[in-house]
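Asks: Residues per chain are reported as follows:
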Amino acid sequence: MKVTSTTKKIISYYTHENVGVRSNLMRMLGQGKLGGTGRMIILPVDQGFEHGPDRSFAVNPPAYDPNYHHQLAIDAGLSAYAAPLGLLQTSSDSFHGQIPTILKINSSNTLATSLDQAVTGSIDDALKLGCAAIGFTIYPGSDHNFSLMEEYRELSHEAKAKGLAVVLWAYARGTNISKKGETAMNIISYAAHMSALLGANIIKVKLPSDFLEEDPTKALKERVAHIKKVAFEGKRLVVFSGGDAKDDNALMEEIKAIHLGGGNGSIIGRNCFQRTREDSLTLLDQMIQIYKSK
Amino acid sequence: MKVTSTTKKIISYYTHENVGVRSNLMRMLGQGKLGGTGRMIILPVDQGFEHGPDRSFAVNPPAYDPNYHHQLAIDAGLSAYAAPLGLLQTSSDSFHGQIPTILKINSSNTLATSLDQAVTGSIDDALKLGCAAIGFTIYPGSDHNFSLMEEYRELSHEAKAKGLAVVLWAYARGTNISKKGETAMNIISYAAHMSALLGANIIKVKLPSDFLEEDPTKALKERVAHIKKVAFEGKRLVVFSGGDAKDDNALMEEIKAIHLGGGNGSIIGRNCFQRTREDSLTLLDQMIQIYKSK
Amino acid sequence: MKVTSTTKKIISYYTHENVGVRSNLMRMLGQGKLGGTGRMIILPVDQGFEHGPDRSFAVNPPAYDPNYHHQLAIDAGLSAYAAPLGLLQTSSDSFHGQIPTILKINSSNTLATSLDQAVTGSIDDALKLGCAAIGFTIYPGSDHNFSLMEEYRELSHEAKAKGLAVVLWAYARGTNISKKGETAMNIISYAAHMSALLGANIIKVKLPSDFLEEDPTKALKERVAHIKKVAFEGKRLVVFSGGDAKDDNALMEEIKAIHLGGGNGSIIGRNCFQRTREDSLTLLDQMIQIYKSK
Amino acid sequence: MKVTSTTKKIISYYTHENVGVRSNLMRMLGQGKLGGTGRMIILPVDQGFEHGPDRSFAVNPPAYDPNYHHQLAIDAGLSAYAAPLGLLQTSSDSFHGQIPTILKINSSNTLATSLDQAVTGSIDDALKLGCAAIGFTIYPGSDHNFSLMEEYRELSHEAKAKGLAVVLWAYARGTNISKKGETAMNIISYAAHMSALLGANIIKVKLPSDFLEEDPTKALKERVAHIKKVAFEGKRLVVFSGGDAKDDNALMEEIKAIHLGGGNGSIIGRNCFQRTREDSLTLLDQMIQIYKSK
Amino acid sequence: MKVTSTTKKIISYYTHENVGVRSNLMRMLGQGKLGGTGRMIILPVDQGFEHGPDRSFAVNPPAYDPNYHHQLAIDAGLSAYAAPLGLLQTSSDSFHGQIPTILKINSSNTLATSLDQAVTGSIDDALKLGCAAIGFTIYPGSDHNFSLMEEYRELSHEAKAKGLAVVLWAYARGTNISKKGETAMNIISYAAHMSALLGANIIKVKLPSDFLEEDPTKALKERVAHIKKVAFEGKRLVVFSGGDAKDDNALMEEIKAIHLGGGNGSIIGRNCFQRTREDSLTLLDQMIQIYKSK
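Line by line, the protein sequences give chains V, Z, G, X and E.
Mapped onto our numbering, the consecutive letters of the first sequence carry residue numbers 1 to 294.
Mapped onto our numbering, the consecutive letters of the second sequence carry residue numbers 1 to 294.
Mapped onto our numbering, the consecutive letters of the third sequence carry residue numbers 1 to 294.
Mapped onto our numbering, the consecutive letters of the fourth sequence carry residue numbers 1 to 294.
Mapped onto our numbering, the consecutive letters of the fifth sequence carry residue numbers 1 to 294.
If we strip away everything but chain V, and leave its shape as in the complex, we get (with noise of 0.2 Å):
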C-alpha cells in the first residue's frame, strides 16, 4: 500500500470518520498501480443485476465467469472491485484480499415496475466477505427519493460503527426528469452535493453534459472542477461512471477531463469487460497512465 502526502491531506479531511473507515479510504487509494496518485479507477460488475447477464456479458463470454472480473481487476492494477453478494461470495475465496472489494448493497433490474432498489445484502455479509467498504444507489428525483436516503442513513451508520467505509451511487431520476436532464449539470451538481451532505465517504456521479448550461462552451474539465467544488470544496472523493459503451477516443478525451478536473477517477464497467482481457487490459493502462501523469 503506497501512501503518500497526497493521500494522506485526502484522509485529513475524514477525521469525523473512526480510524477503520479511514483505513479502508486509505487500503483503496493506496492500491494499485494508482497507489498513492489520489486518483483512483474501481471496476464495478452489477450490470447482470441491472441489465441482465446477457446484455452484458455475451459479447465477452468469459465474463459470464465471477472469477474473471475479480482477477482481472487485480491483474489490471485497479483499487477496487465493486459486485452484489453473489459474486463476491464466488469469488472472494480464491483471492483473499488481494485488491479491496465494495459490497453493493442494494440493486434494480430492467424488470422493476418502479424506480427503486432493493437491499440485497448486509453489513455483516460485507464484513464476512472481508471488503472494504458498502456501494449503495440512490435516485433523487423517483417516488421513493426519500426511502432510499433512508435506507442509506441506517444501513451506512452501521457500515462505518463496524469500520466499513461507504461510496454512494447517486443518479437523479424520476417523472420529473427529462433523460436528457439527467446529466445536466447543475443535476449532477446537485446530486453530488446531497451526497456530500449525506455523508458519502465516496461520491459516485455521472459525468455532466453541457445540456442546458448557460455557458456551453465551458470545458467538460471545468465542469468536473465544479462538481468536485460542490463537494465540500474538493473535501470529498468523487469518482465518475465510464457512461454508456463509446469508442475509446471519446473514452480517453473523458479520463483526460476528469484528470484535469481534479475530479478523483473512475467507476468503469461495461467498457471493461464487454470487451477482450487483452483490449481490456489495454484501456484500463491508457486510464491508468493519463491518471498518473503530473
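These are calculated hints, taken from the structure and not from any lab test.
Do not take every clue at face value.
Where chains are identical, the list cannot tell them apart; a pair therefore holds if satisfied intra-copy or between any two copies.
What the hints assert, rightly or not - Using 27 Å as the maximum straight-line C-alpha spacing, the simulated DSSO-like pairs for lysine-lysine come out as follows:
(1) LYS162 to LYS179
(2) LYS8 to LYS162
(3) LYS128 to LYS162
(4) LYS218 to LYS206
Following the hints, complete the assembly by docking chains Z, G, X and E onto the known chain V.
Replies: Below, chains Z, G, X and E without anything else, positioned relative to chain V:
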C-alpha cells in the same frame, strides 16, 4: 449418504457458506437413487396452496393425505421433499429424517388480488421440523419485486446463520411480461442470474422456451447449458420445474435436455401426484435412469 | 374432563405441537356434554364487534350483559366460549375456568372502508385471562390476503410457543368472489386447505353450498366429508358456522349433515343469543343430542 | 379523595386491571366536588391542536396560557384535566398533582388531508408528568379505522402495564357516514360498544341524537341509558362530550339527560374556555349540582 | 457564556426538561453578541440540500466551503450554527465547540415528487459532533402531516433523553393551502401552537403576513406578539425565518418588528451567505444592534 468427487466438487463452490449449510447441501446431493451424481429430483407439494386442493388432488384422491407425498418421495428414491408448513408438520413425525425436507416458507394463492406471496413459516419452524433447507419464491417483474427480494434477504440470512440451505424459486411475472415472455430465454436467464447474485444455494427456474430467441433452432439442451452458464459459470446448482402436466414422452425429452445441458435436475410436482402412485413411481424411475446415465 | 380413545386419536395428529397446545386442545375436546366425543360446540360472541350491538342483541336484551353469554355456554354444556378482549375481561373473573375460553384476537366492523381486521388483543392478554386458545380471522381473496396471513403467522407462532391452541376463521371474500361464491364448494375447500397448510389447530369455515358444483345432487353431508378430507385427510379439527339465523328445522338438518359428514362440530352465535335463554338452551341441547348419536 | 360504596362498586367492574390502573380510576372518581358520586367532569383542552389556537381561544384571551386551564379545572372542582403533551409539560410543575391529569396522546388538525391522528406523546411522557391516564382517539369509519385501533392496542397495553388508566375517544367518521349520521343512535351505540370490546376503561362518545331512530319520541335520557347498556350492561364508565358551544339552557338540559340516563358525566371543553373564567366557574358549578342531585 | 435574569427566566419555563436539555438551551442563549439578551440569531445552511448548491452558493463562491459558514457564524457573534450531517462532519473538527451547533436531522430537495423529508442523520451523530440541539421540519398540511409528526416525536424523545435541545421548523404546506396562505396569520399561528403542543424547545416559523387578516392595518410587530402568545403565552422560544432574499431596509424593518413584538430572534440563511463575507458581517451586526436595543 453417497459422497463422490462430483458432489465434493459442487460443494467446493460454496466455501462462503458455513459447514452447516454445506452439510445440508451435501445431504440432498447424497440422498436417494441419484446420490452422488450431482443431479437431484425434488418433490414439491405446494400446489394445494398455489392452485387449491381440488385442482391439485381430485384426480388422485390418496394425494389429499400429507403422508402420501412424503412416503412417495422416499419410496421413489428422490433427493428431497418440499412443502409448506402444515404438510411437514403432519407427516414429518412419521418419517424422521428418511429424506431431507425443504420448508416452502412463502406461499401465494389464486384468490389473491396482487402478485405477491405471504410468509407462512419461520426459520425456527424449519429447524423444529428437522428440515435441510428453506424454499422462497420471488416474482421479478411484479409490483412486489423489491419487497420480495428484501424479505428473501432477511429470511435467507437467518436460515444460513442457523445452518439451513436456501432454495430460490425465481419466476419473472408482471404487467410488463407476457405469458409467453415468462419462459423466454432471456427472461429465464435473467431470473437465474439474479438468483445467483442474491446468494441462493439452489436456483429453481422454469425451462426456457425458444420464444423470441434469435436462433430458434438452438436445442433445449443448449438453452439449459446457457442457464447453467449464467449461474456463475456453472458454480450454482440449478433445477428446473416440470411445468404443466404433459404426456410422458414430452416430459422425458425435457429431462434428457436438462441432463445433456448439465442442469442439476428437476423439481416436479403435478406430474408426480396427479397420477396413481404406481404410475408415479414408474415415471420417477425413468427420470432417474436418465439422470444417472453417462 | 372426559378423555376417550376418540379424543386421544385426534390429539395424536398434533404431535408437532408442544404439550401445552395439545393439553388445551384436549381441554376443549373433554369439556361439557360433548366431552370425549370428538365433537365440539363453541359459542362465539363477536357479533357486537362485527355487526354492532343493537343488530346483535336488541332482540334479546339480556344479551347486552357479557356475563350472560359466558354463563350460557357453561349451562348449555358447550365446549368453549370465544369472544373479543373486552367481553372476556368483564366476565372471566366470575367463572374462573369453568369452560375453556378463546380470545378472538382480531376484529372487523361494518363501518370499515376496507376488507381487513384490526388486531385488538395480545397473546399476553389471552394468558392473563386464562384462555385455552386464540382465534384469528383471515380473508383470502381480499386485498389484505397476504398481510392477514402474515399477522396470523406471527401471532400463532407466539401463541403456540406459550402453549395456546390456535383457531383460524377462514372466510374467502373479495372483489373477485361473488356473495354466492363465498360458500361455493371449491372456495370453502380451498379456505379449509389453506388453513391446514398455515398450521391452524382448529379450522372454522362456513358450510359449503351446492353453488357451481358439478354434481348438485351431492348431499350436504358429502360436502362436509370432503372438507374434512382436504383438511389433511381428516387430521385437523374442522368446525362449521351456524350461518345466518334460520328456522330450527333447517338448522338441525345442517347439524345432522355436519355430524354424518364427520365434521367436528359447530361455532354458533346468532342462533344462540338472538332468542331467549330458555329457547337457546333447548336448541343447543338438540344439537348436542345429534352430535352425541352414533 | 372521597371513596364511597358507589365508586367501590364501579371499581369492582375492573378486576381484570392491575391495582395501579384501578387506583388511577379511583383517583379520578374521588376527585373534586363530584368525588364519590360516580360522576365525573373532565376538562379537555385539545382544541388548540384540533381546531387551532385562534378559533379556540381568541374569544377569551387568558385561555392562551396553559396554566389558565389547569387552574380552572382545580378551582372548579373537576375530576380530571386532559391535554396534549406541550400543555401538560408547561403547567404540571405549578400544580403538582392537585388534580389528576390525562395525557391526550394522539392528535389531529384541520390542515390534515386524511382522517387520521398522529401519536404525539409517549407512555413514558405520561409517567414523567405524573398523569393518571392517557387519552386516545379512534375514528371507526375512516380509512385508518384498523391502524388507529392497532396503535391504540399497543399504547393501551403499555399504559396499563405501567399502571395508567385508558380513556378512549370514539368518533365514527368517514366517507360512508353523513355528518348527521355521526351522532345517530346506532352509530354512537356501535362506537361505545367497540370501545368496551377494545378494553377501554373510560369511554368518551358524543351524545346520541334522534336521527334515523325508529322511535324519535324517545327521550335523550333514554338514549343515554342505552349507551350505558351497550357498554357492558353499565359496567364501563361512559362520559359524553359537550359538543358545539350552545346556549346554557340547552346545555343544562343535556346534562340533566346524561344524569337521569345514568351516564357517568361530561368531557366539556369549548363551553368552558370560550367564556370568561367567572362564567365558566358558574356554568361548571351548575353542572356539578345537577350531577350531585339524587 | 453570559447568564442574565432574562435568560434564567426563559429557562425557568422548561422545568419539564432534564438538566442536559436546559443547559444546551442556556448555551445558545448565552452565546455571542446577543448572549444574555434572550434573543438569538441562528445561521442555518440547509439551502444546499433544500434548493441545490448552485442556486444557493453560486453568487458567493466561498460559500461552497463548509468551513466558511461555521467561521462566519463565529465571527459574526451569532447564537448557533445549524446544518445537515455532511457540513457539520466537515467543519466541526476545526472549531471545537466555539459556537453551539444544531444538526438539521431531516431534509427535503426540489427533485422530490412528494412533500416530505428524509431523516438524514441520527441522534448519535449529533452527540458525536458535539451538537447542542437537533432541528426537524414538519409540514402540517401535507399528505405526510401525521407521519412527519410521529417521526419528530420519536427523534425528539431520544434527543431529549440524551440531553439535546430540539428546534422545530414548522411549515404549513399542502394541496389545500395556497402559496399566500402559507404565511397567513392564522396558519402561522396554528403552526406555532402545534409546535408548542408537540413539545418543541425552540419553534421556527415564517413571519406572518397580513393576508386574509380581518384587520390588515395591524402592524407586523403585533402579529409577531400574537405568535409569541400562541406559543404558550410567551413561554416558548420562537424564532423567525429571514424569508426570501430582499433589500436590506425591508429586512431591517422585519427585524425591528420581531424585536418590538417580543420574538426571540431570527434564523437567517440566504441573506447571509448570498452576499460577500464583509457584507454579511455588516448586515448581521445591524441585526444584532436592533436585537440588543431596549
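Asks: The structure should be examined with respect to each hint, and the outcome stated for every one.
Replies: Results of checking the hints against the structure:
1. LYS162 to LYS179: For LYS162 and LYS179, neither the intra-copy (38 Å) nor the inter-copy (46 Å) Cα distance is at most 27 Å.
2. LYS8 to LYS162: within (22 Å within a copy, 35 Å between copies)
3. LYS128 to LYS162: Both ways: LYS128 and LYS162 sit 12 Å apart in one copy and 16 Å across, limit 27 Å.
4. LYS218 to LYS206: within (17 Å within a copy, 39 Å between copies)
Violated hints amount to a single one, hint 1; each of the other numbered hints is respected by the structure.
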